[in-house]
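J.: Taken in order, these protein sequences are the chains called A and B. Position in the first sequence (first residue = 1) + 101 = this note's numbering. Position in the second sequence (first residue = 1) + 276 = this note's numbering.
Please note that a few of the clues may not be correct.
[As the list claims (entries may be wrong)] Capping the alpha-carbon separation at 27 Å, the derived lysine-lysine pairs in DSS-like fashion look like this:
hint, chain 1, residue 1, chain 2, residue 2
1, B, 345, B, 423
2, B, 346, A, 234
3, B, 423, B, 397
4, B, 397, B, 346
5, B, 532, A, 198
6, A, 234, B, 665
7, B, 318, A, 181
8, A, 234, B, 532
9, B, 350, B, 376
10, B, 564, B, 585
11, A, 198, B, 611
12, B, 318, A, 153
13, B, 350, A, 153
14, A, 234, B, 345
15, A, 199, B, 346
Hints were generated in silico from the structure; no laboratory data involved.
What follows is each chain in one-letter form.
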Amino acid sequence: MNRLLILAFIALICSCSNPGPGYEFMPNMYRSPSLETYGQNNFFSDSLNARKPVEGTIARNYLSTFSYDASLQGYLDAGKNAVNPLENNEANLEEGKKLYSMFCKHCHGEFGAGGGSINHPIYSAVPHYNAGKLLRRANVPMNQLKSGHIFHAITYGLNAMGPHSSQLSEDERWKIVLYVQELQNYNAE
Amino acid sequence: MMRSIYSYLILTLAILFTSFNVAFSQEAVDSLAVQQGKEIFKTNCVSCHSIGKNALIGPGLEGVANKRKKEWLKKWINSSSDFIASGDPDAIAIYEEWNKVAMTSFYFEDEDFEALYAYLKNPPIQEDIVSADLTLAEDQGVRTSTKLMFIALFLLMLVYLLTSLKNKLKESLGQETETIPDTLLSQFNLFVSENRNVVFASFACLIVVLKFSFDTMIGVGVYSQYQPEQPIAFSHKVHAGENGVDCNYCHSSARKSKHSGIPSANVCMNCHTYINEGKITGTTEIAKIYDAVGFDPNTRSYIEGYEQKPIKWVRIHNLPDLSYFNHSQHVVAGKIECQTCHGPIEEMDVVYQHAELTMGWCVDCHRTTEVAMEGNEYYTELHDQLKEKYKGEKITVDKIGGIECAKCHY
């Protein structure tokens, strides 16, 4: 019995685990004095290490060719005039499909017919891409929306959908547009 | 005489029955229409309208069937833009109030419109609110420590059982019984008096000391299982698991840069502009995002001139500064799943560090993981040479320099 007692004691002691981040050996090799992207400092008033670039800065390869603003008029104009700069080929479509499954599928469903995995009433009624009856904002049904409309919607958002320009480069957005236009003619049955 | 009374009775019963039946079926038809209307509402309207007071993209529709005439509603729903153009003052007023966005036209068949109208007239008494499930899931996998805890408890229970058994036996023999503390004390004295047991005790102490020193030494620089509390109780289980949002949706820079990227609050707001209530924590945690960005969920607009505050997430995975790691290299070229290093993230309510992130752990993986050569035209020439050189062998990451010192330490 006494051995049982001791074993119990040992097991109890050994079960205490350390919830903290652990010890560091030579922390000055762990944490360099240079600022890391997501750290904070006492230097700037907002304490953020990540600084915003000067207003008007354009990152390399990010020069926009899409000059329409977020208004309804911008949406209609984009639909009328904007052209997809990418070629509609298999590689681009494949990329578009991949991006679609990362950024769109959970609301719009695998084939753009709704029924995504998001479990919330507001996102349960997304319109089908191949719907041909109801007139949308651009006065045409879903399956006739032009690439410019779709690009505008991804960039600035539309109705309950938020803007996705911070997550996707323009190139990536045009690739998704290619794939979405494929789905406009797709019939799930 | 008897017979006529009898027939009267039957007749009354029949009348009663039919009237009841008619009333009943009328009610059934009504509720069927309401039910149908609910379905129509769910598939066409809910992404912009709620049936309650809340305004979403468009106004909340509580009491709209009493406020507007049926014909008015029909015209509006069929084509709001035509209706506005026809000069109806109410229609124009709504158009102006809602930022001049015309509602999508819905051409419903008469029957469907009747059903929808029936639903608007008889809205559900209480809106189906996503039930706030306050119990945080506890199934984060049984850790070793928990297992040891159970063993300890089991042993203590055994002590208790054996003591009571002994007492029972003594009782039946008419001897004096002992309480558990008495037993423990007497056993402890007995234990000390016996030499054999002292050896055993010192052995046990040694184990404890060894265990602690070993843990301390091996734990230097290892954060694994580290599970800090975050400023917002964001649940990966709810987002990535139950709602199936792809990792790349929020961590969109994992494909492009060294960092997987902590999503900025505007990514949260893509959905949480409209989703104000969470499944586990209700409105409290989502309100913290609003507080950070300056968003008023009641008016659904951003507060002007608001000084936005950064959300100070606690870093979990921390490689020492002396080693280099790049997410895009692993995610895009290596085609490694996030879960390979981060574990079952989609099942974690609170994220903990799954991998050890030690050098041995990196090297092990580089020695066993095959190079993903399919569809990587950039390195075709190199890949052909490698296939030639390592005929029949697996080409793992270490064969293309994956364990060279300077790959990660420079």
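J.: Which of the listed hints are broken here?
T.: 1, 3, 6, 7, 8, 12, 13, 15
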